[in-house]
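**Q** Hey, can you work out the whole structure from these sequences and the hints?
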Amino acid sequence: MALLELTGVTVRFGGLIAVDDVSLNAEAGLITGLIGPNGAGKTTLFNVVTGLEKPTRGRVTLDGEDITSYPPYRRARRGMARTFQRLELFGTLTVRENVEVAAGIAVRWADAKESPPDLAARLIDRVGLSAVADERADALPTGQGRLVELARSLATNPRVLLLDEPASGQSTSETEHFADLLRALAADGMAVVLVEHDMNLVMAVCDFINVLDFGSLLVAGPPEQVRSDPAVLAAYLGSEWQADAV
Amino acid sequence: MREFINFGFSGLTTAAIYAIAASGLVLTYTTTGVFNFAHGAIGMVAAFTYWEMRFGWGWPAPVAFVVCLLVLAPLFGVLLEVGIFKRLEGTSDVTKLVVTIALMLGLFGAANWIWSPSKDRPSRTFYQGHVVKIIGVRLSYHEVTVLVVALLVAVGLRMLLYRTRVGVSMRASVDDRSLATLNGARPARIAMLSWAVGVMLAALAGILIAPTLQLSQYSLTLLIIDAYAAAVIGRLRSLPMTFVGALILGLANDYALGYVSRIHTAEQYFQILIPSIPVIVLFIALLILPQARLRGVRLQRTREIARMPTWWGSLFFCAVVVMGTVVVATVVSDADLVNLQRIWGIAIIGLSLIPLVGFGGQISLCQLTFAVIGMIVVAHVGGHTPLAWLWAALITGFVGGLIALPALRLQGIYLALSTAAFAVFCDRSIFQFPAFTIFGHRFDLFQAGSLTVNRPRLFGLGVEGFKAYFIFGAVVFCIMALIVVAIRRGRFGHRLLAMKDSPAAVSTLGLNVTFTKFAVFSTSAAMAGIGGALYGGALHAVDGMAVDFFAGLAIIMLMVIAGIDSLGAAVFAGFFLGAPVLQNVFPSLKQLSTVLVGFAGIGLGMNPNGFIANNMRPQWDVLLEEPAVIVGLIGTLLALWGLRLGHVINNWTFAIVSIGLAAVTPPIGGVIHQRRLARAAGAGGEVKERPATVPLEWLGITAPYRPEDIAKMDRVLDLKPLPEERVPVAQGGSDGPP
Numbered sequence: 001m002a003l004l005e006l007t008g009v010t011v012r013f014g015g016l017i018a019v020d021d022v023s024l025n026a027e028a029g030l031i032t033g034l035i036g037p038n039g040a041g042k043t044t045l046f047n048v049v050t051g052l053e054k055p056t057r058g059r060v061t062l063d064g065e066d067i068t069s070y071p072p073y074r075r076a077r078r079g080m081a082r083t084f085q086r087l088e089l090f091g092t093l094t095v096r097e098n099v100e101v102a103a104g105i106a107v108r109w110a111d112a113k114e115s116p117p118d119l120a121a122r123l124i125d126r127v128g129l130s131a132v133a134d135e136r137a138d139a140l141p142t143g144q145g146r147l148v149e150l151a152r153s154l155a156t157n158p159r160v161l162l163l164d165e166p167a168s169g170q171s172t173s174e175t176e177h178f179a180d181l182l183r184a185l186a187a188d189g190m191a192v193v194l195v196e197h198d199m200n201l202v203m204a205v206c207d208f209i210n211v212l213d214f215g216s217l218l219v220a221g222p223p224e225q226v227r228s229d230p231a232v233l234a235a236y237l238g239s240e241w242q243a244d245a246v
Numbered sequence: 001m002r003e004f005i006n007f008g009f010s011g012l013t014t015a016a017i018y019a020i021a022a023s024g025l026v027l028t029y030t031t032t033g034v035f036n037f038a039h040g041a042i043g044m045v046a047a048f049t050y051w052e053m054r055f056g057w058g059w060p061a062p063v064a065f066v067v068c069l070l071v072l073a074p075l076f077g078v079l080l081e082v083g084i085f086k087r088l089e090g091t092s093d094v095t096k097l098v099v100t101i102a103l104m105l106g107l108f109g110a111a112n113w114i115w116s117p118s119k120d121r122p123s124r125t126f127y128q129g130h131v132v133k134i135i136g137v138r139l140s141y142h143e144v145t146v147l148v149v150a151l152l153v154a155v156g157l158r159m160l161l162y163r164t165r166v167g168v169s170m171r172a173s174v175d176d177r178s179l180a181t182l183n184g185a186r187p188a189r190i191a192m193l194s195w196a197v198g199v200m201l202a203a204l205a206g207i208l209i210a211p212t213l214q215l216s217q218y219s220l221t222l223l224i225i226d227a228y229a230a231a232v233i234g235r236l237r238s239l240p241m242t243f244v245g246a247l248i249l250g251l252a253n254d255y256a257l258g259y260v261s262r263i264h265t266a267e268q269y270f271q272i273l274i275p276s277i278p279v280i281v282l283f284i285a286l287l288i289l290p291q292a293r294l295r296g297v298r299l300q301r302t303r304e305i306a307r308m309p310t311w312w313g314s315l316f317f318c319a320v321v322v323m324g325t326v327v328v329a330t331v332v333s334d335a336d337l338v339n340l341q342r343i344w345g346i347a348i349i350g351l352s353l354i355p356l357v358g359f360g361g362q363i364s365l366c367q368l369t370f371a372v373i374g375m376i377v378v379a380h381v382g383g384h385t386p387l388a389w390l391w392a393a394l395i396t397g398f399v400g401g402l403i404a405l406p407a408l409r410l411q412g413i414y415l416a417l418s419t420a421a422f423a424v425f426c427d428r429s430i431f432q433f434p435a436f437t438i439f440g441h442r443f444d445l446f447q448a449g450s451l452t453v454n455r456p457r458l459f460g461l462g463v464e465g466f467k468a469y470f471i472f473g474a475v476v477f478c479i480m481a482l483i484v485v486a487i488r489r490g491r492f493g494h495r496l497l498a499m500k501d502s503p504a505a506v507s508t509l510g511l512n513v514t515f516t517k518f519a520v521f522s523t524s525a526a527m528a529g530i531g532g533a534l535y536g537g538a539l540h541a542v543d544g545m546a547v548d549f550f551a552g553l554a555i556i557m558l559m560v561i562a563g564i565d566s567l568g569a570a571v572f573a574g575f576f577l578g579a580p581v582l583q584n585v586f587p588s589l590k591q592l593s594t595v596l597v598g599f600a601g602i603g604l605g606m607n608p609n610g611f612i613a614n615n616m617r618p619q620w621d622v623l624l625e626e627p628a629v630i631v632g633l634i635g636t637l638l639a640l641w642g643l644r645l646g647h648v649i650n651n652w653t654f655a656i657v658s659i660g661l662a663a664v665t666p667p668i669g670g671v672i673h674q675r676r677l678a679r680a681a682g683a684g685g686e687v688k689e690r691p692a693t694v695p696l697e698w699l700g701i702t703a704p705y706r707p708e709d710i711a712k713m714d715r716v717l718d719l720k721p722l723p724e725e726r727v728p729v730a731q732g733g734s735d736g737p738p
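Heads up: the sequence lines are chains A and B, in that order. According to the numbering used here, the first sequence is numbered sequentially starting from 1. According to the numbering used here, the second sequence is numbered sequentially starting from 1.
To be clear, the hints were calculated from the coordinates, so they are not data collected in a lab. From the three backbone atoms N, C-alpha and C, an ideal C-beta is built for every residue, glycine too. A few of these clues could be false.
What the hints assert, rightly or not - Calculated Cβ distances over 10 Å to all of chain B for the following chain A residues:
1. I17
2. M80
3. L93
4. F208
Claimed, not checked - Derived coverage of chain A by chain B (criterion: at least 3 residues anywhere in the stretch with Cβ under 8 Å from a Cβ of chain B; other residues may be distant):
5. 82 to 91
6. 102 to 108
7. 214 to 225
Said to hold, decoys possible - Examples of chain B residues toward chain A, derived with CB under 10 Å:
8. S118
9. R495
10. T514
**A** Here's what the structure looks like:
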């Protein structure tokens with residue numbers, strides 16, 4: 001049994017089917033990729049998993065517990081954390097306060113060994129933001145803003161971490177550093193789910209990749225398989241492209 | 001049966017007017033994102049203008065009608081968009097809402113000023129005296145007109161939105177403004193049109209309803225509550241459902257009016273509830289509405305300053321407040337103190353808004369109502385025990401939470417709507433409620449007249465005297481202010497700010513957003529209850545008419561104008577409303593303060609942080625680096641006080657010189673500060689004092705580059721730092737990509 005399981009999830013907005021009967025898993029200790037063209041329903045799926053969106057049909061279970069009807073905060077308290085594609089920073093607070101707020105909220109249920117300020121300092125250091133720790137969060141460039149969101153979600157000591165395009169806005173060297181960080185998090189036993197457009201990063205770090213297109217699951221498998229799948233290439237690049245183009 | 005049909009028809013007429021008013025409200029809200037609290041006030045002004053033309057100047061009805069409705073109303077609408085609302089784009093929802101409330105207060109004050117409320121204005125319905133019989137029911141021509149007009153409005157709006165090009169763009173801009181622009185719509189023109197139509201509908205409703213109500217500024221302005229009760233049933237979006245809502249309201253209202261006299265057991269209680277039917281319907285609708293999706297707030301580089309107050313700064317502030325109060329208490333007469341005592345109660349009510357609005361980004365329009373509840377509690381507990389104040393805080397906190405609960409699941413705008421509705425509900429019904437008995441206990445809120453609110457007595461020490469109570473008030477205010485500072489500096493305050501910045505993010509981090517809103521709303525209500533207890537003690541006797549909805553709105557306006565997260569704003573609000581300065585200087589202009597507050601609030605869009613954070617604080621902050629100037633100022637003020645106590649100068653001289661000194665000190669201090677910097681720079685090379693923040697694109701033009709600027713640029717543009725030798729000027733040669 002996987003740590004996070006989605007079964008037959010469907011989301012309709014009026015006449016539009018944003019997510020159509022998607023089932024997928026995320027295992028503890030692995031990095032699961034979720035890729036697909038813009039509008040494929042990746043963020044909507046994240047919203048369903050974290051409780052910001054109610055699915056029209058389908059089930060979400062976390063460690064065997066059905067959490068489909070739980071509000072976002074109850075899911076967070078069972079170990080679910082995420083970052084946002086469109087940054088959702090606490091702009092009027094400093095970077096340190098951003099992470100401290102999260103640590104303070106989590107202190108009641110996450111068994112953290114450190115006090116919120118200590119935990120915040122350590123996580124800010126871990127994602128490499130110590131130099132700007134006392135800047136207001138809305139003064140940071142996007143790439144660093146994404147790291148703030150990452151540190152903030154790590155402060156809740158999650159079991160499942162959903163990252164929505166964490167590498168966009170980051171430079172090449174930052175992305176490399178980021179890949180190492182992701183591997184380290186998975187090695188700690190976290191189930192990492194990654195939505196990303198940077199194929200190099202996805203192929204390099206993911207153990208398993210799910211491809212969404214027009215709301216439904218196109219292909220699921222290890223990177224080598226997905227890389228050469230004709231349906232994926234067609235969805236991403238148009239049907240005339242060859243397998244060696246990726 | 002005949003009666004049932006009769007009441008039904010009159011209910012339909014009422015519904016028709018609600019529908020006209022509500023559809024205008026929904027139209028502007030959906031197309032421009034501004035919820036227009038001034039909708040009723042605009043209808044009121046239109047009704048008075050029509051009356052003036054028709055009966056004041058004797059114009060024929062069609063001419064007056066056409067001029068009001070087809071010339072002045074659309075013109076005013078366009079003016080509103082161009083002059084005010086266009087500039088509010090990108091500001092927070094609270095700011096937008098507050099500006100429309102300001103407009104409402106401004107129009108209300110102006111209308112009271114122009115058309116004296118004490119004069120009787122007999123009005124006549126259209127086609128007075130003509131009736132028509134439909135299935136045995138006698139309908140006046142006026143009623144028929146109203147029904148036909150409502151039908152025309154419904155058909156007209158439908159045609160406008162679905163059959164015309166501009167209407168289609170209007171609907172598109174509801175969904176996504178920038179996307180609509182990309183597709184060739186012109187949002188500026190659409191917004192103007194929607195304001196013009198919205199104002200026309202408000203005016204139409206006002207003119208049609210005025211002859212059947214009485215022509216009064218108060219009740220016509222509050223038509224907004226009835227209108228939005230209908231609109232909430234349409235979830236503020238759907239016009240057809242809004243018409244259904246209006247129908248429910250209108251029928252409920254007129255059937256209740258018709259049948260209440262049949263109830264013999266408790267008629268007086270039902271009678272007093274009738275004016276509140278729209279409010280009751282509104283609360284039921286709020287309970288039924290499905291939970292809103294949590295949305296993120298689009299991260300915009302807000303112009304909001306969120307400054308963390310220091311403990312030393314706050315203590316200094318409190319010391320100044322208490323000292324200032326002592327000085328004032330010693331120099332003014334007891335007659336003036338009767339009024340001045342009210343300052344601190346009002347200031348605490350203002351203070352109660354800081355955690356809620358300033359930190360949490362929620363809004364409440366009924367803080368003054370909580371204050372009245374606080375007064376009632378203190379009066380009912382009786383005696384002089386300080387425990388009464390504790391009860392006041394607990395009970396108002398509880399009531400506050402209860403009121404907020406239905407709206408907390410929904411978007412912020414619903415909290416504003418339901419708190420305003422609650423305030424009006426209390427004004428119209430609860431505070432007028434006759435005594436009743438439940439389980440053998442007799443409840444009588446105002447004990448059929450006025451309540452006596454006692455002043456507390458601590459350790460045998462009373463504060464009965466004017467001076468004592470005035471100073472006591474300042475001390476209580478300071479304690480509350482320090483509580484606010486503690487909230488801001490503590491974990492709760494950070495959570496509130498985080499929730500304001502992104503409700504979606506805090507909830508996925510594990511914060512129960514609804515509970516947090518509930519907690520801050522209750523806290524704020526409890527503070528308002530304490531403010532009310534203090535205010536009530538200053539008034540001594542309170543009756544059901546002591547306060548009204550508009551007075552409560554004025555407190556919020558003043559807070560926002562001065563700066564909703566500054567403690568100083570609360571003092572400002574207290575002084576402005578509590579000290580009778582304006583009334584004393586301009587005794588003939590009773591409405592002046594309302595008008596002033598309204599029009600100052602309209603300017604808010606340009607300055608959402610309030611004038612304390614924007615103008616005063618930067619000036620005084622400089623002075624902190626020049627302690628000699630501060631010591632000099634305090635010394636001079638104390639000397640003046642000495643002169644006043646020795647009767648060398650009188651109060652006017654004392655006040656004018658003190659205020660003058662406080663006004664000129666920051667500029668003088670600024671000059672001294674500049675001089676000293678220049679002298680220091682003269683010794684160590686040329687350093688020009690530069691403004692605290694230079695916009696990045698002006699660096700190198702208005703201010704010289706410094707190494708830290710380059711570092712900051714690198715960070716903002718996300719570049720790697722340049723190698724040391726290349727920092728001053730880029731060297732020649734081929735630069736490969738990094």
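**Q** State for each hint whether it applies.
**A** Cross-check of the supplied hints:
no.: 1; hint: I17; result: holds, 18 Å
no.: 2; hint: M80; result: violated, 7 Å
no.: 3; hint: L93; result: violated, 6 Å
no.: 4; hint: F208; result: holds, 23 Å
no.: 5; hint: 82 to 91; result: holds (count 8)
no.: 6; hint: 102 to 108; result: holds (count 4)
no.: 7; hint: 214 to 225; result: violated (count 0)
no.: 8; hint: S118; result: violated, 48 Å
no.: 9; hint: R495; result: holds, 6 Å
no.: 10; hint: T514; result: holds, 8 Å
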